[in-house]
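Asker: First to last, the sequence lines map onto chains Y and U.
Residue 79 in this note's numbering sits at position 79 of the first sequence, and the numbers go up by one each step.
Residue 61 in this note's numbering sits at position 61 of the second sequence, and the numbers go up by one each step.
The set of hints was computed from the structure by calculation and includes no laboratory data.
Fair warning: there could be bad hints in the mix.
What the hints assert, rightly or not - Here are some of the chain Y residues that sit facing chain U, going by a computed Cβ distance under 10 Å: (1) Val14; (2) Asp55; (3) Asp72; (4) Glu73.
As the list claims (entries may be wrong) - Covered stretches of chain Y, going by a simulated chain U footprint (3 or more residues, C-beta under 8 Å): (5) 3–13; (6) 16–22; (7) 32–42; (8) 56–63.
Note that CB positions come from ideal geometry on N, CA and C, so glycine has one too.
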Amino acid sequence: MTTDPKYMITEVDVSAGTHTVREMTQAEKDDLDARAAEWAKQQADQAAADAAKADALASAQAKLAKLGLTADEIAALQG
Amino acid sequence: MSVFLEPLASYTITSGNTGNLGLANIPQQFTDLMLIAQFRCYTGSNNVQNLWQWFNNDGSNLNTATRLWGYAGSTTANYEGATFPSVLSLLNGGGSPANTFTSATMYIPNYTSNFAKQFIFSSGSTTNGTNQYTYRVAGRYNSTNPITAIAWQNDAGGFAAGTSIDLYGILRKGV
Numbered sequence: 001m002t003t004d005p006k007y008m009i010t011e012v013d014v015s016a017g018t019h020t021v022r023e024m025t026q027a028e029k030d031d032l033d034a035r036a037a038e039w040a041k042q043q044a045d046q047a048a049a050d051a052a053k054a055d056a057l058a059s060a061q062a063k064l065a066k067l068g069l070t071a072d073e074i075a076a077l078q079g
Numbered sequence: 001m002s003v004f005l006e007p008l009a010s011y012t013i014t015s016g017n018t019g020n021l022g023l024a025n026i027p028q029q030f031t032d033l034m035l036i037a038q039f040r041c042y043t044g045s046n047n048v049q050n051l052w053q054w055f056n057n058d059g060s061n062l063n064t065a066t067r068l069w070g071y072a073g074s075t076t077a078n079y080e081g082a083t084f085p086s087v088l089s090l091l092n093g094g095g096s097p098a099n100t101f102t103s104a105t106m107y108i109p110n111y112t113s114n115f116a117k118q119f120i121f122s123s124g125s126t127t128n129g130t131n132q133y134t135y136r137v138a139g140r141y142n143s144t145n146p147i148t149a150i151a152w153q154n155d156a157g158g159f160a161a162g163t164s165i166d167l168y169g170i171l172r173k174g175v
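Construct all of the structure, not just a fragment, from the sequences and the given hints.
Answerer: Right, dumping it as structure tokens:
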């Protein structure tokens with residue numbers, strides 16, 4: 001079975017001046033997967049936070065418009 | 001004559017998709033390390049992919065980083081805080097023009113210290129055109145262990161031929 005390239009590493013031994021291509025250890029694979037999962041979670045959390053912020057902004061703009069504020073006045077309030 | 005800048009390692013990938021890339025057994029007799037590199041993903045449909053970095057095969061999330069980045073298609077500068085611990089920058093993906101890379105330099109002062117280590121990373125794509133990014137990262141490796149290994153990974157699962165890393169040891173005067 002061919003190892004997924006993402007679990008392979010070309011490692012340069014700086015002291016020895018050699019390099020090897022090896023399959024990562026299980027611990028290294030687990031670390032790599034954990035980092036990727038954390039990254040994906042951060043991205044998802046950020047996207048959700050951005051969406052919530054955009055929704056809140058749209059809601060606030062709609063309420064201000066109902067009060068009779070013009071688009072320019074709403075923009076001025078937003079600084 | 002004292003040695004103040006010594007080439008420690010030079011490696012160029014000649015056949016792509018050999019997975020991640022790493023430096024191990026880094027000598028400890030210098031004060032600082034400097035890396036000059038060019039990266040390109042082996043595959044990936046996107047023009048750009050994330051470049052990841054970690055020290056000492058350390059699975060714990062001990063990196064923090066502040067990133068400033070820009071996009072050639074926009075005049076807006078972007079800022080991100082410490083929530084992207086291992087992702088350094090975007091680099092040329094397999095979908096970018098042939099033979100183009102993301103050039104990068106990194107400086108690590110006091111890499112043998114028993115305190116947290118600072119690193120300064122900057123990169124920019126060599127591709128002509130607008131779909132390209134530049135990055136400046138101020139990072140911190142929050143470990144008491146000296147840095148003996150550094151590794152890189154990209155989202156596309158391998159680096160392309162021509163990807164290269166050159167590591168230098170620096171001996172600062174008076175240290």
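Asker: Which numbered hints does this structure break?
Answerer: 2, 3, 4 and 8
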